[in-house]
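K.L.:
Residues per chain, in single letters:
There are 2 protein chains.
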Amino acid sequence: MQTKVTTEKAFERKYPESVALVTTRSRTGEPNAMAVGWVAIASSDPWMFVLGIDSAATTYRLIRSTRQFVVAYPNERMAKETRHVGTRHGVPGGDKLTDCGLVMQKGRVVRAPLLADAVANFECELVRIVIPGDCPLVIGKVVAAHVNRNHALRRLYTVAPGYVLKGVRPMASR
Amino acid sequence: MQTKVTTEKAFERKYPESVALVTTRSRTGEPNAMAVGWVAIASSDPWMFVLGIDSAATTYRLIRSTRQFVVAYPNERMAKETRHVGTRHGVPGGDKLTDCGLVMQKGRVVRAPLLADAVANFECELVRIVIPGDCPLVIGKVVAAHVNRNHALRRLYTVAPGYVLKGVRPMASR
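So the protein lines, in turn, are chains A and B.
Counting in this note's numbering, the first sequence runs from 1 upward without gaps.
Counting in this note's numbering, the second sequence runs from 1001 upward without gaps.
No lab work stands behind these hints, which were simulated from the structure alone.
Think of the CB as a built atom: it goes at the ideal place given N, C-alpha and C, for glycine as much as any other residue.
Hints are all accurate, no fakes.
The following label-pair restraints were derived from C-beta to C-beta distances:
| hint | chain 1 | residue 1 | chain 2 | residue 2 | range |
| --- | --- | --- | --- | --- | --- |
| 1 | A | V109 | B | T1098 | 44 to 54 Å |
| 2 | A | K106 | B | V1103 | 50 to 60 Å |
| 3 | A | C100 | B | T1098 | 45 to 55 Å |
| 4 | B | K1106 | A | Y15 | 24 to 34 Å |
| 5 | B | R1067 | A | A152 | 39 to 49 Å |
| 6 | A | K106 | B | E1012 | 22 to 32 Å |
| 7 | B | K1080 | A | H89 | 38 to 48 Å |
| 8 | A | T6 | B | K1106 | 18 to 28 Å |
| 9 | B | H1151 | A | R67 | 42 to 52 Å |
| 10 | B | R1077 | A | P161 | 17 to 27 Å |
| 11 | A | K106 | B | T1028 | 51 to 61 Å |
| 12 | A | S55 | B | M1171 | 27 to 37 Å |
| 13 | A | M171 | B | H1151 | 10 to 20 Å |
| 14 | A | T6 | B | M1171 | 25 to 35 Å |
Build the full structure now, drawing on both the sequences and the hints.
P.N.:
Rendered as structure tokens:
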């Protein structure tokens, strides 16, 4: 049975929620990254992502100016790094990525960096931005994809409010 | 280290992926439901969802005609029901929901039904549809929210390709 509650209260039941890291590179070469929880696949032919990116984020500005970004699935041992880039603003001249030990790797198509330790990386080109509510939805087409050579690595999830980030495991079948 | 692969291959690393049930009700009163894996929050003021809904789905037609739907988080014991509505087309006169034992409950604002056993239900009004690729993205505003009285219930996830649906648990902290 259901009981009516506020929407905020109901969203407390959403966990675990997926988390992605979105990397960008400025025209002057500086890399940046942010953590994004509002992320889903948006098309399979061609493959696309839809991502909710705060309009105040450096990442948003860089995506609009370069029209390129990378979506990376952090692995479950990257909680600290994900929290770091998820809770700090990128500053011009600063390097939020290397500050927290994220290792970058060159992509094939876009200038935004791959994250070497991620489970997978998707190089994307901007298709469209729509702003239905208080957050721009950035839609990007995947133009190249990469996976970690370590196939045992699994994704990281937000498992509770306040950036509690952990790996998850399926329950045993009954 | 990353290795370049096809995008399909890279998306094999996306699991667990969240799954939602989307319910609708036709103008003649028939309920319907489908399973949606491409789902994310799209705004927090007001709260919105973005959902990838196949343009051939009965759900898509009903959302366009009624401009209303409900997003429900199935609980981890609803794998069978979620697979049922996720793999069959709704047919006029048929009742895919009650066929598989889904229990409906009246919402407060929209005519689409809540799912009594879901972890949470979000009544939505259509805001906008955008079609950036091969799948319409349906954006809906949450106009009422409900949670299960059983607070121990947790969400269901797709844990592997081919509709393998299970609950998941966070790993113990190290």
